[in-house]
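Novice: Build out the structure end to end from the sequences listed, making use of the hints.
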Amino acid sequence: MTIEEIQNEIVDEFSMFDDWMQRYEYMIELGKSLPLIDEQYKTDDNLIKGCQSKVWVHASLDGDKIAFTADSDAIITKGIIAILVRAFSDQKPKDIIEANTDFIDEIGLKEHLSPTRANGLVSMIKQLKMYAIAYQTQLK
Amino acid sequence: MINVQEIRKDFPILSRSVNGKPLVYFDNAATSQTPNQVVDVIVDYYHNYNANIHRGVHSLSQEATDKYEAARIKIQQHFNAAKSHEIIFTSGTTHGINLVANGFSALLEKGDEIIVSALEHHSNIVPWQMLCERTGAVLKVIPMTEEGTLDMVTFEAVLSEKTKLVFCNHVSNALGTINPIETIIEKAHAVGAAVLIDGAQASPHIKADVQALDVDFYVVSAHKMCGPTGAGMLYGKEAWLQKLPPYQGGGEMIAEVTFEKTTYADLPHKFEAGTPNICGGIAFGAAIDYMNSVGFDTIATYEDELLQYATEKLSTIAGLRIYGPNDHKAAVISFNIEGIHPYDMGVILDKLGIAVRTGHHCAQPIMDFYNIPGTVRASFAFYNTKEEIDILFEGVVRAKNMLS
Ligand SMILES: Cc1ncc(COP(=O)(O)O)c(C=O)c1O
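Here the protein sequences line up with chains A and B, keeping their order. First residue of the first sequence: 1, per UniProt numbering; consecutive thereafter. First residue of the second sequence: 1, per UniProt numbering; consecutive thereafter.
The hints are simulated quantities; they were obtained by calculation from the structure and are not laboratory data. A few of these clues could be false.
As the list claims (entries may be wrong) - Straight-line Cα separation of at most 27 Å, DSSO-like style, residue types lysine-lysine; simulated pairs:
1) B:LYS313 - B:LYS400
2) A:LYS54 - B:LYS400
3) A:LYS32 - B:LYS400
Bear in mind that the values here come from a model prediction, so they are computed numbers and not experimental data.
Specialist: Encoded structure:
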């Protein structure tokens with residue numbers, strides 16, 4: 001599936017819920033399915049510095065696609081990164097670089113993109129794209 | 001007896017809703033809300049007498065100057081300073097601390113020691129570290145105990161003839177601990193060291209008497225005591241303020257300027273370079289009037305009632321730990337629930353319309369001491385109610401169920 005198709009699928013899933021509690025509970029569930037980063041990669045180098053919760057991301061190249069694994073010490077943050085990893089993992093660098101993240105807004109999680117949340121989400125998206133840029137140069 | 005329902009009418013913001021729920025504002029330690037009586041003064045300033053002070057001969061300037069200086073006297077009386085020129089208007093606590101730390105660059109030598117408490121806000125740590133870098137002075141720490149109080153035995157051991165300055169908050173923002181500043185001041189003076197007390201968190205709860213305390217410097221922010229942001233005061237004993245060199249150069253702070261030599265203005269203007277936050281200073285005075293009209297004794301009694309009520313209620317939640325002492329503390333509850341990240345708790349409480357602070361509260365050394373990423377902090381003001389604490393309690397239980 002393309003990034004856009006996956007994002008549409010996520011938007012569809014979230015549209016089943018009519019209140020925030022159900023959305024959050026679902027997000028927490030998704031967090032549990034996150035492809036967890038291997039302990040050896042849980043290093044300071046892979047740490048994204050959000051002010052309040054920690055996020056670790058690791059990227060590796062699998063053929064011409066990038067696979068992401070991640071973790072966080074806060075479960076809501078973990079839910080959000082699970083959604084991002086699902087949307088961006090196993091995709092080509094070029095597609096990751098070009099993808100937009102408007103679907104976060106559509107599933108009612110826009111507030112998490114606010115810089116005052118200091119949850120590292122904005123930096124996390126930036127980081128995923130940085131990895132994509134780095135791998136793209138490597139692939140060329 | 002406090003009439004909270006009447007008081008709440010002074011704060012229109014308290015009746016708004018957030019995320020579809022009535023707002024419960026428990027982030028008072030970060031900033032307090034502003035009553036109509038203070039907002040009216042701000043509006044009146046801009047509607048009727050906005051002008052630069054201490055400069056014009058025209059009537060508006062005179063009126064603004066009079067009101068600004070009257071606010072200085074209100075602040076002086078509130079903190080019981082001996083002289084009004086011992087009150088320096090600042091932009092807040094952080095500014096006051098930096099002003100003193102900068103001044104001490106001229107007074108410290110390599111090998112001198114200065115002492116900080118382990119319970120400080122970053123504002124009362126970083127400027128002193130910078131001072132040490134500039135002068136070669138050494139920073140010593142009064143450690144904290146598991147209970148969240150200061151280890152006074154070690155304090156006395158650290159204190160010596162080399163100690164030039166001790167700085168500590170009156171009330172800890174992260175835990176609410178009321179520190180034994182009387183003892184700290186007395187012991188520090190016994191070795192000839194000056195003392196700066198950060199009163200940012202104490203000022204909304206405790207009326208400090210700087211003369212009775214015999215403190216050398218005391219700093220506060222207006223926005224923690226029902227005033228506007230960007231205003232505050234530094235109290236300094238006259239002798240110390242005379243000894244310290246000016247912090248910033250500019251207009252207002254000079255007596256005479258030639259290219260050969262500038263002479264500085266007298267106190268307090270020596271430390272008030274540039275056009276100040278005139279409206280903010282005047283509104284700060286109004287905030288002090290407002291708080292005194294409610295009465296600090298009334299505030300203390302009522303907030304204590306809220307604190308006891310909240311402590312008892314929250315303590316019934318399994319796995320909940322409150323950090324900091326049980327008594328002798330300000331109306332602050334800093335807590336965590338086992339296995340739940342404070343950030344997650346804060347996000348869910350926000351969804352329920354409850355504003356609390358989560359994170360390290362700009363006091364990372366305290367979090368490191370407990371080996372936690374942060375806490376959830378609910379901080380109360382005299383305009384909060386027990387019903388709001390019930391809402392917090394239910395919110396915490398609900399969040400706990402969702403998150404564990
Ligand atoms: C104990 C303490 N010191 C200093 C500050 C800094 O105050 P301001 O940001 O108003 O300068 C705060 C504010 O949170 C505080 O709680």
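Novice: Please list, smallest to largest, the hint numbers that this structure does not respect.
Specialist: none
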